[in-house]
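Enquirer: Read off the chains here:
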Amino acid sequence: MSTRLSNRAKGEMKLGWLLSAPAVIILLAVTGYPILQAVYYSFFNYRLTDPDNRFVNWGHNYLVILTDPLWWQTIWVTLLLTVVTVAVELVLGFALALVMLNALKSVRPWVRTAILIPYGIITVVAAFSWKYAFDLGTGFVGTWLSMPGFDWFGDFWSSFLVICAAEIWKTTPFISLLLLSGLAQIPGDMLEAATVDGATWWQRMSKVIIPNMKAAIMVALLFRTLDAFRVFDSVFVMTAGAQDTATVSFLTYNQSIGQLQLGMGSALSVLLFLSVALICLIFIKIFKVDLAQARGE
Amino acid sequence: MSGRRHTIWWIVISLVVAVYALFPVLWIVSLSLKSAGDVANRKFWPTTVDWSNYELIFTGAAKDLFLPALVNSIGICLIATLIAVVLATLTAYAVARLDFPGKKFILTMALAVSIFPVISLVTPLFRIWSAIGLYDTWVGLIIPYLSLTLPISIWTLAAFFRQIPWELEQAAQVDGATSFQAFRKVIVPLAAPGVFTTAIIAFFIAWNDFVYGISLTSTSAARPVPAALSFFTGASQFEEPAGAISAAAIVVTVPIIIIVLLFQRQIVSGLTSGAVKG
Amino acid sequence: MSVIELKNIVKRYGDGYPAINDVSLDIAEGEFVILVGPSGSGKSTLLRMIVGLEDITDGELRIDKELINDAAPRERNLAMVFQNYALYPHLSVAENIAFPLMLTKGQYSKAEIDERVNRAATLLELGDHLDRKPANLSGGQRQRVAMGRAIVRDANAFLFDEPLSNLDAKLRIQMRTEISRMQRNLAVTTVYVTHDQTEAMTLGDKVAVLKKGVLQQYASPQELYDEPVNLFVGGFIGSPPMNFLPVENVDGALHSPFGTFSLPEARSAKLREAPRYLVAGIRPEDFHDAAALDEAKRASGALLTAEVDVTEWLGNEVYAYLPFEAAPEIRKALEELDRDLDGEGTRTQVVAALDPSTAVAEGDEVQLWFDPAKVMVFDPETGENLTRDPENAQRLAEASEAARRRALDRAREQQQRA
Chain H
1 MSTRLSNRAK GEMKLGWLLS APAVIILLAV TGYPILQAVY YSFFNYRLTD PDNRFVNWGH
61 NYLVILTDPL WWQTIWVTLL LTVVTVAVEL VLGFALALVM LNALKSVRPW VRTAILIPYG
121 IITVVAAFSW KYAFDLGTGF VGTWLSMPGF DWFGDFWSSF LVICAAEIWK TTPFISLLLL
181 SGLAQIPGDM LEAATVDGAT WWQRMSKVII PNMKAAIMVA LLFRTLDAFR VFDSVFVMTA
241 GAQDTATVSF LTYNQSIGQL QLGMGSALSV LLFLSVALIC LIFIKIFKVD LAQARGE
Chain A
1 MSGRRHTIWW IVISLVVAVY ALFPVLWIVS LSLKSAGDVA NRKFWPTTVD WSNYELIFTG
61 AAKDLFLPAL VNSIGICLIA TLIAVVLATL TAYAVARLDF PGKKFILTMA LAVSIFPVIS
121 LVTPLFRIWS AIGLYDTWVG LIIPYLSLTL PISIWTLAAF FRQIPWELEQ AAQVDGATSF
181 QAFRKVIVPL AAPGVFTTAI IAFFIAWNDF VYGISLTSTS AARPVPAALS FFTGASQFEE
241 PAGAISAAAI VVTVPIIIIV LLFQRQIVSG LTSGAVKG
Chain Z
1 MSVIELKNIV KRYGDGYPAI NDVSLDIAEG EFVILVGPSG SGKSTLLRMI VGLEDITDGE
61 LRIDKELIND AAPRERNLAM VFQNYALYPH LSVAENIAFP LMLTKGQYSK AEIDERVNRA
121 ATLLELGDHL DRKPANLSGG QRQRVAMGRA IVRDANAFLF DEPLSNLDAK LRIQMRTEIS
181 RMQRNLAVTT VYVTHDQTEA MTLGDKVAVL KKGVLQQYAS PQELYDEPVN LFVGGFIGSP
241 PMNFLPVENV DGALHSPFGT FSLPEARSAK LREAPRYLVA GIRPEDFHDA AALDEAKRAS
301 GALLTAEVDV TEWLGNEVYA YLPFEAAPEI RKALEELDRD LDGEGTRTQV VAALDPSTAV
361 AEGDEVQLWF DPAKVMVFDP ETGENLTRDP ENAQRLAEAS EAARRRALDR AREQQQRA
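Protein chains in written order, with the numbering used here: chain H, 1 to 297; chain A, 1 to 278; chain Z, 1 to 418.
Please note that a few of the clues may not be correct.
[To be verified] Derived, one-sided and incomplete: chain H residues facing chain A with beta-carbon distance under 7 angstroms:
hint: 1; residue: T31
hint: 2; residue: A38
hint: 3; residue: I121
hint: 4; residue: D233
hint: 5; residue: G258
hint: 6; residue: L262
hint: 7; residue: G265
Worth flagging that the hints you see were computed from the coordinates, not collected in a lab. We put the beta carbon where it would ideally sit given N, CA and C, even for glycine.
Please take these sequences and the hints and turn them into a complete structure.
Expert: Put into structure tokens, the structure is as follows:
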């Protein structure tokens with residue numbers, strides 16, 4: 001009889017893998033294989049326009065990158081951008097989530113629809129909108145702020161500010177939806193109990209709501225941090241890396257696709273990949289983010 | 001009294017949120033309706049509504065840049081979405097419904113792929129595609145788009161499928177249904193909304209892509225709209241690209257707004273039930 | 001209307017532990033059989049094995065003599081009402097009820113399906129809701145739709161899996177009566193799973209009491225109540241449950257914490273060879289306040305003296321709670337029994353259901369009178385009821401079977417007339 005049971009389990013396993021196989025194979029093929037290729041070519045001196053001059057230079061690419069101030073500059077910009085945007089998004093997203101949860105029933109669907117529009121809009125389109133709003137040639141912001149001669153894209157801090165604004169506008173809705181689902185899961189009677197126990201609005205928020213949303217907040221934070229760290233589209237459209245606003249992704253793109261330095265570009269790709277993996281590890285190990293639990297399994 | 005003030009207060013807050021969400025969109029609409037003389041006037045509203053930017057991209061000088069890109073975007077994104085949703089449906093069914101070793105591995109792998117830095121893949125893909133002739137082709141974009149759409153589709157659908165009351169399948173069998181009848185008459189109608197929502201989210205993600213679009217194409221053979229937009233700037237045929245870019249941007253934003261208007265409830269439930277990233 | 005036979009049925013899961021162990025039941029044509037037991041008794045598993053949703057590891061399952069161990073659910077032609085109703089949310093009430101008929105591929109014409117659905121809907125008072133979706137129905141209406149789906153077809157038997165457990169108390173009693181009436185009228189063989197002994201007692205022609213996958217007793221409600229085979233059945237059947245009093249058996253005299261008594265000669269035959277420490281079972285309703293009885297009556301029975309801890313006044317009776325200290329030799333057996341019965345603490349109190357005219361108040365010392373002929377005595381090790389009277393049990397079984405046949409014949413007559 002036990003053989004019959006194990007046959008059944010075997011059949012289920014077979015079916016499970018049969019159904020999953022196409023997706024798993026594609027995912028491995030489009031990520032696993034290329035990243036191995038990248039690791040391989042990162043040890044080459046390899047420029048696509050000069051294929052005859054291809055040779056193994058071992059760790060030379062990494063040495064060049066890690067001793068180049070430009071690399072550290074892009075890391076600094078990327079980290080700064082990540083910290084600033086994610087911090088603002090978290091606060092703003094929480095506020096938006098509260099609005100969506102508490103807005104009048106009649107307007108709630110409209111608030112949600114409005115919030116979904118930045119989420120759905122193409123990042124590049126958003127970037128163009130913000131760029132033209134501030135641009136010296138077309139922008140109304142200069143006129144409105146009575147500083148018509150100010151070139152927003154003329155120095156680092158103002159360019160950085162506009163890039164941050166565009167990123168925050170585009171991605172806050174997503175974070176607010178994740179926080180909303182966390183908020184919605186807090187039982188109403190728990191808040192009523194806190195009210196009866198004499199908690200003020202602020203105490204309910206800080207002592208009851210936020211601690212109970214920790215999982216949702218951490219997951220939102222992790223995904224947004226990883227996303228922000230990979231920022232590329234906005235920088236490409238708005239400054240193309242000018243005024244030292246290049247991010248790690250932009251630098252990598254410039255090396256490999258722009259200048260066809262495949263060896264160097266591959267090394268940068270590997271370093272970018274490792275940075276993202278490191279962030280992920282920090283979140284999971286230090287902040288103990290349990291993804292499976294946060295997903296409500 | 002306080003109830004009334006409360007109502008007004010919430011209406012004001014909701015309006016602020018709406019302005020926040022719509023202002024940049026409104027600005028791009030306004031910019032796209034400015035005449036060539038207006039574009040650089042540095043004012044929010046156009047002096048007169050002028051459709052010449054739309055003429056430019058549909059029938060004028062920019063049409064060879066824009067129209068093929070629009071066709072590419074629509075075609076590539078629809079195909080990538082279709083493939084992703086079909087494959088993800090199979091995988092999510094297995095993950096949600098069957099008990100087999102490796103389930104956790106599949107979900108973890110999908111998660112890992114979704115946080116993969118796209119730029120890291122672009123360099124090797126660029127080389128491989130050049131070598132095997134997929135560079136600047138539809139297939140050459142559809143395949144990497146699957147790396148964007150498949151993971152989130154698997155997670156979202158697995159979350160949806162877990163909520164399906166599967167004992168209905170057994171109820172149908174007791175009612176006299178064959179396994180296939182139980183699947184077709186009971187499970188498919190219950191699963192369809194989840195699959196549809198997943199398709200919307202996957203389409204948004206593919207539609208939003210810029211990195212692959214700009215790195216793995218070089219001509220209008222496969223270049224999608226987001227990548228093409230940045231080429232408007234370099235085009236020398238016309239003076240002010242801002243108006244034309246805005247018009248093109250509006251054309252690709254309208255479908256998004258329509259979908260959001262029609263399906264906001266489903267999108268929210270999809271994003272919050274199993275979403276991994278936006 | 002079919003005969004269902006279970007012979008030495010076994011269900012074993014991957015870990016080898018038998019969820020159902022060697023259960024045999026004969027279910028007669030038109031009979032209403034209840035599978036009852038606490039959680040983990042295997043009652044639902046057994047039902048799902050009958051309907052074909054669980055594999056049968058060992059044994060034989062027959063419907064009308066035909067072996068159907070390996071038949072698919074659809075080949076068994078059994079109708080089932082699920083605990084959560086299992087209504088199809090995308091179908092209307094009418095479509096839900098018609099669903100089994102639609103699946104038969106042309107066996108029923110469109111007109112016939114409509115007619116049957118309407119007849120079922122009228123019977124269940126669902127006529128006004130036929131176009132609504134299940135999400136818009138109340139709990140009781142959902143329950144009716146689930147029953148409609150069962151009665152609309154000509155099923156061999158009805159199977160119910162705790163159908164009333166999601167309803168509130170008042171509706172539960174109403175639906176219980178309706179199920180009972182419907183089963184009588186249709187005279188369909190019915191197997192009904194519940195954990196509620198009241199449902200079991202009120203609905204069943206026969207009740208199968210299960211504990212940890214093992215059949216304890218399969219008998220009419222009255223036989224279960226009067227002649228339980230063991231401690232478990234005695235404790236499970238009856239509300240409030242039977243009191244278990246630890247007694248020390250000294251030459252036929254039973255010493256309890258509240259006093260000493262002895263059984264009539266006819267019932268104490270087995271006590272002579274019985275162990276020293278035993279459990280006496282006395283039902284709460286068999287206790288009376290001795291103060292209200294005349295001298296002759298008092299002398300005819302036995303008396304216990306105890307202090308009242310808590311009283312509960314219910315209108316038609318008063319529950320008096322009397323705590324006691326169990327001897328260590330017996331405490332373990334009582335604790336284990338309580339766990340088997342889904343209890344939490346140990347049963348170290350006695351409940352007496354007294355006449356509301358009693359003057360007993362909390363803190364009083366009370367004298368409780370009872371008829372020793374109604375006391376059951378159990379062996380704490382084996383659980384065996386040492387005072388069971390097989391002849392009486394036989395009489396009760398025959399009487400219940402005769403009553404059932406009469407009811408069945410009446411129902412058939414009525415059906416033929418209609």
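Enquirer: State for each hint whether it applies.
Expert: Comparing the hints with the structure gives:
Here the hint on T31 of chain H is kept, as its CB sits about 5 angstroms from the closest CB of chain A, short of 7 angstroms. For A38 of chain H, the interface hint holds, the least distance from its beta-carbon to any beta-carbon of chain A being 4 angstroms, beneath 7 angstroms. Checking I121 of chain H against chain A by beta carbon gives a least distance of about 6 angstroms; that is within 7 angstroms, so the hint holds. With a least beta-carbon distance of about 4 angstroms to chain A, the hint placing D233 of chain H at the interface is held under the 7 angstroms criterion.
Interface hint at G258 of chain H: violated, since its Cβ lies 10 angstroms from the closest Cβ of chain A, which is beyond the 7 angstroms cut-off. With a least beta-carbon distance of about 6 angstroms to chain A, the hint placing L262 of chain H at the interface is held under the 7 angstroms criterion. Interface hint at G265 of chain H: satisfied, since its Cβ lies 4 angstroms from the closest Cβ of chain A, which is below the 7 angstroms cut-off.
Consistency with the previously given hints fails for number 5 only.
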